[in-house]
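Novice: Spelled out, the chains give:
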Amino acid sequence: MKAPENYHDFEKDISGCGVFGVISKSRECIPGDIPIRAMACMHDRGNGLGGGFAAYGIYPDLADKYCLQLLCDNQQALDKAEVIIKRFFDVYEAEPIRTRKVLTIPDPPVVWRYFVYPKELRTQSHFSGGSESDYIVGVVMNINKEVPGAFVLSSGKNMGAFKGVGYPEDIAEFYRLDEYAAYIWTGHNRFPTNTPGWWGGAHPFTILDWSIVHNGEISSYGINRRYLCTHGYECTMNTDTEVVAYLIDLLVRKHGLSRKLASSVFAPPFWEEIEKMDEPEKKLYSALRTTYASAMLNGPFAILVADSDRLWGLNDRIKLRPLVVARKNDRVFMSSEESAIRLVCPDLDEVWMPKAGEPVIVQADGC
Amino acid sequence: MAGSFKIDATDMDYRRLNEIVRENVRNGIDEFVLDNVVGQRYIATALKGNLTFTVNGTPGQDMASFMKGPKIVVNGNVQDGTGNTMDDGQIVIKGIAGDVLGYVMRGGTIYVQGDVGYRVGIHMKSYMDQQPVIVIGGKAGDFLGEYMAGGVILLLGMFSGKPDAPVAGMSLGTGMHGGVIYVRGNVPEDMVGREIKVEPADKGDLEAIAEIVRDYSEEIGVDAASIMASEFMKLLPRSHRPYGDMYVPV
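Those protein sequences? They're chains A and B, same order as listed.
Counting from 1, one number per residue, gives the positions in the first sequence under full-length UniProt numbering.
Counting from 1, one number per residue, gives the positions in the second sequence under full-length UniProt numbering.
Excised from the complex, chain B in its bound form (with noise of 0.2 Å):
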């Protein structure tokens, strides 16, 4: 049996929220709209499946943390911590996200339709057809992409409440020994770690960015020719193992 289901979450404890969502996932309610939402923590928190959530409002921490599999749209800007160790399926933002989103992502996509905070990305992973992908529409705070470890992160900088500001902060994918980062428009040298090597995004590269664009334009709401019409630049880690010998010479 399969429905939607709405729930008005003014005043509503997180953990009561959470439960009432998890009941009706029980009973195979698979389609959830959350209005008024203020705050309220781990929404989606490890759900599995074909489950798909409309958030109105403002999220609290970590949002689809560990989940695996359900959509969730935001029409709002969403905290810190959002899709924490995410297995598997969809966010999509319609605003602006906090620090440290999709840390230690382990797969599905996150949208972000205008700037991100600190630390996002960090330590992302990827395990075979497990590969996470973070679109950023706006520009990112210091730290992007720092220890990645796979996956895919595209920088876009353009739908941006900071028009003076670089595309990204300082740190950019440092200690990165994975995945990589792909940038619209130039990247200053002295932005990037000693671990990093910058390049043109070639004709494979541009294939797969094409692919995710599509995807995200579609979502976001955006013009997929106009995010295209650009350069890119690809982040790459210059090692995989950039510390294999630091204790036992070679």
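Just chain A, with the same shape it has in the complex (with noise of 0.2 Å):
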């Protein structure tokens, strides 16, 4: 045996994927353009196999119901779910996503969105004597699990998740995303390593109004998944990152964590640290650690949560993937490099990056 001539001449850039959000405080509108050439400066950190965004504020004229976009691999699949979403909603209005045809897109699935409210009298399920929030997430794992070739792109109210296989600006270009504005945009670049790059593996992943993206691996799906699965989350698909959404609806929202709190779930203290902590400090993270040692995300991460009201970024504690925070008047960038916010804002008032574990959690005004 010998090594193959010239093994170090391949054509193929070494690369993590690239993550990029914007925040308007004062929720003032701003135009996909934006994180669409923030995340094209970042192309190379990808490879094709996925890309996605997530817009905050972009159906204001339907903003009471809930907006459930969906994904689907043919006709046949949508009318499969669409007999479930009637089962279980008032439909106020639906209509295909608007796309073009792209090049590098050739045989692109139906998309759809439902704008939605829960019947008055809620369809019977397991899943109805919970909150109006619990029974969202019941229906969409409902149909993510139950509909061959269907899933629920993202199901809050006046957001939306967009993405695919493909590079983020081919992306963008397929679901027209230059023609929508929001006060806050999260993108993904992808590079999968070690999960099937499919459209329900793109970024960013969702559900109610959360949207998570993620540079990095979650060596602990294994047991993240199998501790939500306690909590009635079904994972379904493919991809680590999707744990990250589901947890932090069970911490935040129904357990009522604070998002620090959360990343110190999520990103905790070593017990080293946790040992030089003040008596009431020291019980605290304990009390965390042992409590939700499932829900510890083990392995580099650098994410972007963003809901209605904030944009949060987060780094695993040893910081094994980059995260840049930069502010210019009331909008705050966080991305994995300086250059995609130089390019869309070249002139910053402040740029930094954040401790490893160090949340940072930018709310909008009037929350």
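These are calculated hints, taken from the structure and not from any lab test.
This structure is a prediction, so every number in the text was calculated from the model and none was measured.
Using N, Cα and C, we set each Cβ at its ideal position, and we do this for glycine too.
Errors might be hidden in some of the hints.
Part of the chain B face toward chain A, derived, beta carbon under 10 Å [as the list claims (entries may be wrong)]:
no., residue
1, Val37
2, Thr58
3, Ile96
Using the hints, put the two chains back together into the complex; each one sits in its own frame.
Specialist: Okay, here's the thing in structure tokens:
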């Protein structure tokens, strides 16, 4: 056996995913052009096997309705999903998601959106007894699990996720994101390492109005997934990051943890650090580590989490993935690379790199 | 034929940018000004000899990796992997630097005006007169000088955007078995790994520091005397072969 000739001479960029996010604290509309150009600047971080965006404030006329965006292999799958949607919800509007023909996306799926509200007398199911949000989560899990070839892209109010297989700028072109404006945007460029590059596996991952983009690997996927399963969350996307979306919904919405505390569940202080804390803190962080051992995220990550009111960035506790934060007036940017921010906002007031495990939480006005 | 060459990198792919640079190097150009740089990777990678670059903007990953000789002045911040396995030359960064700066650096100098990210100077090594030097004007993240085997890191902690942060993060010099880290001011004991001993810099150290600071302050444009007006601590490995008898009992 001999090593292949010119084994070093390969045309390949060794890279990782790219993430970008921007929030306007005054909820001023940021045109889609901004996140699209920023993601295109980090083109070489991905390899064309996944791109996506989340946008907040894009459906102001129907802001009180939940917007279920669906992605289906074919019309049949959409029809089956629609039966479930109509069983559980009143549908106020249903329309195809606007798309364009894009050369790099030769065989696009069927994408459709429904503006819905739970029926006044909620349709009986094992999840009907919970809150309205639990009901939405239940239906989303039901569609994702039970309808072959269909899944819910996003399920929040006045927001949407748009994703697929391709470079982010191609995905943006496909979904015509240049025609949208939002007060929070996140974007993702995927370099899949150990899970398939398919439409459902692209980022962001969502539930209700939560959306998550992630650079890294969740090595604890198995234990996180089993833990979520015991709380009614079904993982169906074949990608590690999916667990983060559901863990955030469980910890922050259902258990009422603050984002800061949830951050220290995901990226907990080391026991050596806890040892050095004052007694009340020591008690708190020991309790968190013990209670939520199965919710800890092991492995390298830089994640951006958005909801209707906030943009939240977090690194793993030894910072194995890059994250840069910058500010210009009332806009805060978070990105894998500073250059992506500079491209869309050359003159920044402030640029910094947060510490490992230190959450950066930016809240919009009026919440 | 020597001369200066200006490139506007607006909307330019990194491959194209680096091709233009290399073509002009072959044609004898030795001075480059790169304007509107925004994320282009591998600038000056593996270039040799007496070339100078002025980079205006934010260069991309792995700038100056494997570089052997050129001088780069960056008017802005740099991203991750700058000076990766750099052999010789000088990088002057008038801003902050990302993670893994000077990874496995084996010669030349890197001067940073402000803060640096995580894992700076890890695996740095030296060979005979090849002595890599990194000077950090601000503060450093975790794992500074991890597994360091040679060369010098000088950490000033002065020009920092993080007034409340410690001068360096956790695991400072963990696994270090060669070279030296100088820190301006004091070093808390719990900041360094078990492999490290901390001593006040002696007369010989201070002379070495002063020489580095002279060049640094000239390049960055800061006052050398105010940098030197402080105590310095010296971090050294306790052993040059800390695990020599790990598998062979002695």
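Novice: For each hint, tell me whether it holds in the structure or not.
Specialist: To see whether the hints hold, each was checked on the structure:
The closest approach between the C-beta of Val37 of chain B and any C-beta of chain A is roughly 8 Å, which is under the 10 Å cut-off, so the hint is satisfied. With 10 Å as the threshold, the beta carbon of Thr58 of chain B comes within range of chain A, its nearest partner Cβ sitting at about 4 Å, so the hint holds. Interface restraint check: Ile96 of chain B against chain A, minimum CB-CB distance 7 Å, threshold 10 Å, status holds.
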